[in-house]
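J.: Chains as they are written, first to last, in my numbering: chain A, 1 to 373; chain B, 1 to 373; chain C, 1 to 373; chain D, 1 to 373.
Among these hints, one or two may not hold up.
Simulated restraints, written as ranges between beta carbons of each label pair [stated by the list, open to error]:
(1) B:Asp-158 - C:Pro-6: 53 to 63 Å
(2) D:Pro-157 - A:Leu-62: 42 to 52 Å
(3) A:Arg-242 - C:Arg-221: 52 to 62 Å
(4) A:Arg-242 - B:Asp-294: 24 to 34 Å
Quick partial rundown of chain A residues pointing at chain B, CB under 7 Å, derived from the structure [stated by the list, open to error]:
(5) Arg-118
(6) Asp-282
(7) Met-299
(8) Asn-301
(9) His-303
(10) Ile-305
(11) Thr-306
(12) Arg-307
(13) Leu-310
(14) Leu-313
(15) Ala-315
No lab work stands behind these hints, which were simulated from the structure alone. The C-beta atom is built at its ideal place from N, Cα and C for all residues, glycine as well.
Number of protein chains: 4
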Amino acid sequence: MSTSLPASCSCAVMTGFNQPLETRSFPLPRELKPGELIIKVELAGVCGTDVHLHKGELKIPLPLILGHETTGRVAAMGASDTKDWLGRPLAIGDRVSFTVGRTCKTCRYCRVYRLPSRCLNRKAYGVSTPCGEAPHLLGGYGQYHFLYADTAVFRLPDDLPSEAVVGAGCSLVTAVHGFEKLQMQWAESVLIQGSGPVGLASLAIAKEAGARPLIVIGGPRDRLERCQRFGADLTIDIDEVRDPAVRRKMVLDATGGLGADVVVECVGHPQAVVEGWELARDGGKYLVLGHYGDAGPAMLNPHLITRKELTVLGAWGSEPQHWTIALEFLRTRRSDYPFHELITHRFSIGQVNEALQAVASWQTGKAVIVPNG
Amino acid sequence: MSTSLPASCSCAVMTGFNQPLETRSFPLPRELKPGELIIKVELAGVCGTDVHLHKGELKIPLPLILGHETTGRVAAMGASDTKDWLGRPLAIGDRVSFTVGRTCKTCRYCRVYRLPSRCLNRKAYGVSTPCGEAPHLLGGYGQYHFLYADTAVFRLPDDLPSEAVVGAGCSLVTAVHGFEKLQMQWAESVLIQGSGPVGLASLAIAKEAGARPLIVIGGPRDRLERCQRFGADLTIDIDEVRDPAVRRKMVLDATGGLGADVVVECVGHPQAVVEGWELARDGGKYLVLGHYGDAGPAMLNPHLITRKELTVLGAWGSEPQHWTIALEFLRTRRSDYPFHELITHRFSIGQVNEALQAVASWQTGKAVIVPNG
Amino acid sequence: MSTSLPASCSCAVMTGFNQPLETRSFPLPRELKPGELIIKVELAGVCGTDVHLHKGELKIPLPLILGHETTGRVAAMGASDTKDWLGRPLAIGDRVSFTVGRTCKTCRYCRVYRLPSRCLNRKAYGVSTPCGEAPHLLGGYGQYHFLYADTAVFRLPDDLPSEAVVGAGCSLVTAVHGFEKLQMQWAESVLIQGSGPVGLASLAIAKEAGARPLIVIGGPRDRLERCQRFGADLTIDIDEVRDPAVRRKMVLDATGGLGADVVVECVGHPQAVVEGWELARDGGKYLVLGHYGDAGPAMLNPHLITRKELTVLGAWGSEPQHWTIALEFLRTRRSDYPFHELITHRFSIGQVNEALQAVASWQTGKAVIVPNG
Amino acid sequence: MSTSLPASCSCAVMTGFNQPLETRSFPLPRELKPGELIIKVELAGVCGTDVHLHKGELKIPLPLILGHETTGRVAAMGASDTKDWLGRPLAIGDRVSFTVGRTCKTCRYCRVYRLPSRCLNRKAYGVSTPCGEAPHLLGGYGQYHFLYADTAVFRLPDDLPSEAVVGAGCSLVTAVHGFEKLQMQWAESVLIQGSGPVGLASLAIAKEAGARPLIVIGGPRDRLERCQRFGADLTIDIDEVRDPAVRRKMVLDATGGLGADVVVECVGHPQAVVEGWELARDGGKYLVLGHYGDAGPAMLNPHLITRKELTVLGAWGSEPQHWTIALEFLRTRRSDYPFHELITHRFSIGQVNEALQAVASWQTGKAVIVPNG
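One chain only, chain A, in its complex shape:
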């Protein structure tokens, strides 16, 4: 059940934090169990999180093949009747993507609380799956990728380019999850704090969901221009409007004087939350979406929660059904939300350190590794 596979393949391996990644060769698995797949990697997104992981900002096991935003083609199957997460048959050569998180389906979060995003035994490809032992190929920065049978794989339809999937990256599914928590309603005023990937994805969803007006605070200018192209009614450039009081006045002026119905934090600095609680109207909702990483605490006043009767919500990562929504959204709506245009830089495996550097210094739109390019 496979195309003719090479015996081994090249991958970029992180062996130490803040050390250059090394190109190493790993053997491909010889035998696959039912449901297991080998994917020939097409595009592997370089996420900002990869930069943080490379700096050692999360406790993760080494050596590790980074890469958790990946598309590729099925190169080998453990069983011929394997299906994707939506029940569609898979075949050699099919173009696919997949969720990086695998959950245990037995812990209290998976079972009792129906909150698998908080599975006590979650494993994420490219993050918490070291490559020291077989099957080795557990991250996107490599020519081939191994997938366990419990991975949520999605066959990509022909009219959905891989560039859209990787261009949107893990930000879009994160935002889909966040908005599921928000239960935003059409005609609500929405403020997005942050114009990076999560901010842009949140903006796209808010626009699609009928936000009015739709405001972004962020920067730099080219990112805000992209936000306008995606439908922002008002952008506030944090480099130009440096005084929070002035920014607040701009938001109040745009929302009838009392603040936004909904504020979505997509910045990742706790100080943004301090500013954001002031920008929601009394009775409003505040989604903390940008704090996947632990950027530490800030001086926050609980009195505001009581007095303003705020609802503050969080969402962590994503679940497979958020992928079904995201992929269909990208397929049908990419003329209005051209995530596929975000990819500006392509790197080979040998250039992976340059890729991380380019992302770290904000020189890129979306950067991707093309391991078989």
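For chain A, the structure is supplied; the task is to place chains B, C and D on it using the hints.
T.: Only chains B, C and D this time, still in chain A's reference frame:
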């Protein structure tokens, strides 16, 4: 439409912060418009908030007659066909209580957002209604109380003692409001932080709503014993268990190892929120109910909101419909929740400074002023 | 506080069911109390409900001036400092519209249940306000319209044409209310049953809120073409596809085989509900929006509610805050949802019987009376 | 991994509808895969549904061992490290119960819609699992019961008697599921239609959740007395109060004149829904819980849904997490809700036809089969 009223009456007046209240005489209004009432005060609760107001911790206008937890009897009516908030006819001699907050019914919070607790023009008897000008009698610490026509007045049924109403005080309606936001479900585990009046009222509601288990962290011991009498399954004495890590372990042990489904903050110190966010399970709800006053910020980490997928909620004061729930609850369920037994100290108007002192030093259960005693 | 008003004006009066309306002259009120207004009518929509009222299908008092979808200009004010419902000052000559329902603000639905659309004492201009006694001018089919001080009046901004307001009519605010109940989420599949005014308004909101796909079952063809212009992804012509089983198959095919996430009934025949319950997926939501009138029962099977775990919702009329949403929507989004283009027929007061006839026979888009034209 | 098991055992088998069940002997499985269990049956509840199945009212495969409310002890395990659904290790001799429904975890309802109660491939022990082929032992009416590895098994704590579990039966978990949908709040007025097992379970939960008042319409008298013992504030005997208008007046009188906030249908006759929609207040909630079986349609008026702004909800069967709630409820609260006292009749396997007859003729409280008695 009145009993024979005196021309004037005595009230305790706050003329300066941290100054002794003075007993002054004010004339009773001679004419009442339709809907206006004069109440002969029976019991006026001394709320902890009164102590804070006396210390000048909120910007309020002086001179002021304190007292916002009041029962009394209708002594004069502006029109004979006046009804209470639930449409029941009022008559001279009827025993009543009333909400202290009056809302404008025209601002965006009253109208568009249906959030009258955040009315932009809210006025509260005993808090923001100075007594320098007629009709003067705008707080509970006096022999008579004037009520504007837009006050939500409630006729008290014969089988509901005034002691229950004032014993529960504004804490109970605040908690009713908070639990409306919470949408707590039966069989959820609930942790109450704080065993003061708001904590005890929250505990009563959580018990009534089927919390299991129902845990309280607080003190001192006599308050925790009262919590047990009201139905707490586990009480954690903050004076005995001084290490937050030990308290956390006790909460986890009582909730299956992952934290409480619901945590209700009734402490009023921001540090309690820091501790509390650690005590809710992932996906849990956290109600900030004890921060009516602004006790300042604390170092709070937004990453917890994202990672734990918390929902943090606030509720401010109360609305009249929360009174309908609270009064019916007190009427029908006071054998299980004996709020009427909480009153431990009674003071005359001349003793009002002793009353404030007693409450400030936590010597009392509930203290009340009996102005016509 | 008035322009020079005539002493009397002409109105079309319904004196008996199924009888021709008569043109009568009524005196204008000479004195207005604070908050009261006289409006010079610009456009008065002829709603399908007017046809039903004319046929006597609801118990209403006669004689009556029909018309509950009205715009006009302020011609006289009881006080110079009158404001509209959103607090904006009104002046002679201002163009306005207003909600037809006036609520008592004192019954249990207004107060305790916060459900003013079900006010026990609701009065609706043009429906339940007979014209036999002063102030007479209580419906839209007349040259002038009297407004009580408790009416929710909205000043129309210059960039919002009256044609859009009357073109959308009471259908849009009804749909705004319905979708508030629905809490539809972006990316949900939505089926609209019915392509009349309520169906079209529901479709516009569902589109704006990110429905995907968005399906309509209705007719005749020109209405379905309008639905396509407003954004329907699929229209099913009930005249062409007469077999419910075929219609069901078309809906299933368009929704992944299991039915729509959300179905909105905008037909008004109970048999549509029978069909509709089969078209929602298990766990889906069903909004009964088209049954403002009582069209009688149908054979409905409660087993479907249990087995399919449906949520069936209703919404009745509208509240003022639904108007704030609707008017802003019309102002900002009418390039995509051209409700102003729906007006196809204009009639004078003398032609009002022809107008009713034209609407009854479905010859029109939206018909309007132009009483001062 | 087993106690010494017999080679075969006796079961009561349904070979034809409306035919007497036959006692047959089946071989016990010789080998078990990991996760599979053999249970020695202790108590098997005779559910009213069994009577309906016996009459052929649902399309089910034959031959069949009935019984879907079962407790027993682990007699053999496929692997020594098998755990129950909550992760607790299982051992030979452990007393357990289990959910009868097994879901595929791969269909759209299991995956995308998170609605496993509507799994497209659901199999239920004792209902849709014929016994013609190995492993045969797939229903409760037998000495031993085979459990597949994907069964949600619950180890019963020592302080939870099996009588409580089987006394509550599948009614309690169904009601837990229904109330999860309802999101009933404390202090809401609740009307239960029906005083059978589902009605009694719903009543217990409503009481525990703080319903006030709590009303039941049902019969016969002994069942209503049981309802009173479980906490009903008012019972209306349908045999005594035969006029629906009088029943309606009684409900209105008990709920302030406008109807109940929440109505829970537990009757199973569609006519009850017709009556019930009239008994909810405007804006109220109506849960259709008693229509697991298809009892056909009734003349229901959708106009009521619109005009009364009702929310009508359904819930089907249960999911494993509802069991966790139900079992803990029975363990901790059975002094107030003595479900264990409901068992009135015990039958051997040989008496199973008498058992069905007794249940069909309403002669029993709860009847159980004791196959190894």
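J.: Confirm or reject each hint.
T.: Hints, verified against the model:
Distance hint check: the CB atoms of Asp-158 of chain B and Pro-6 of chain C are about 59 Å apart, consistent with the given range 53 to 63 Å. Pro-157 of chain D and Leu-62 of chain A have their C-beta atoms about 44 Å apart, which keeps the hinted 42 to 52 Å range intact. Our hint of 52 to 62 Å for Arg-242 of chain A and Arg-221 of chain C holds, since their Cβ atoms are close to 58 Å apart. The hint said 24 to 34 Å for the Cβ distance between Arg-242 of chain A and Asp-294 of chain B, and at roughly 27 Å that hint holds.
For Arg-118 of chain A, the interface hint holds, the least distance from its beta-carbon to any beta-carbon of chain B being 4 Å, beneath 7 Å. Interface restraint check: Asp-282 of chain A against chain B, minimum CB-CB distance 4 Å, threshold 7 Å, status holds. For Met-299 of chain A, the interface hint holds, since its Cβ comes within 7 Å of a Cβ in chain B; the closest pair sits about 4 Å apart. Interface hint status for Asn-301 of chain A: upheld, as the beta-carbon distance to the closest one in chain B is roughly 4 Å, under 7 Å.
The interface hint given for His-303 of chain A holds, since its Cβ lies 4 Å from the closest Cβ of chain B, which is under the 7 Å cut-off. Annotation: Ile-305 of chain A was flagged as interfacial toward chain B, and the flag holds, the nearest CB pair being 4 Å apart, inside 7 Å. With a least beta-carbon distance of about 4 Å to chain B, the hint placing Thr-306 of chain A at the interface is held under the 7 Å criterion. For the restraint placing Arg-307 of chain A at the interface with chain B, the shortest Cβ-Cβ distance is roughly 5 Å, inside the 7 Å limit, so the hint holds.
With a least beta-carbon distance of about 5 Å to chain B, the hint placing Leu-310 of chain A at the interface is held under the 7 Å criterion. For Leu-313 of chain A, the interface hint holds, the least distance from its beta-carbon to any beta-carbon of chain B being 5 Å, beneath 7 Å. Restraint check, Ala-315 of chain A versus chain B: the minimum CB separation of about 6 Å is within 7 Å; hint holds.
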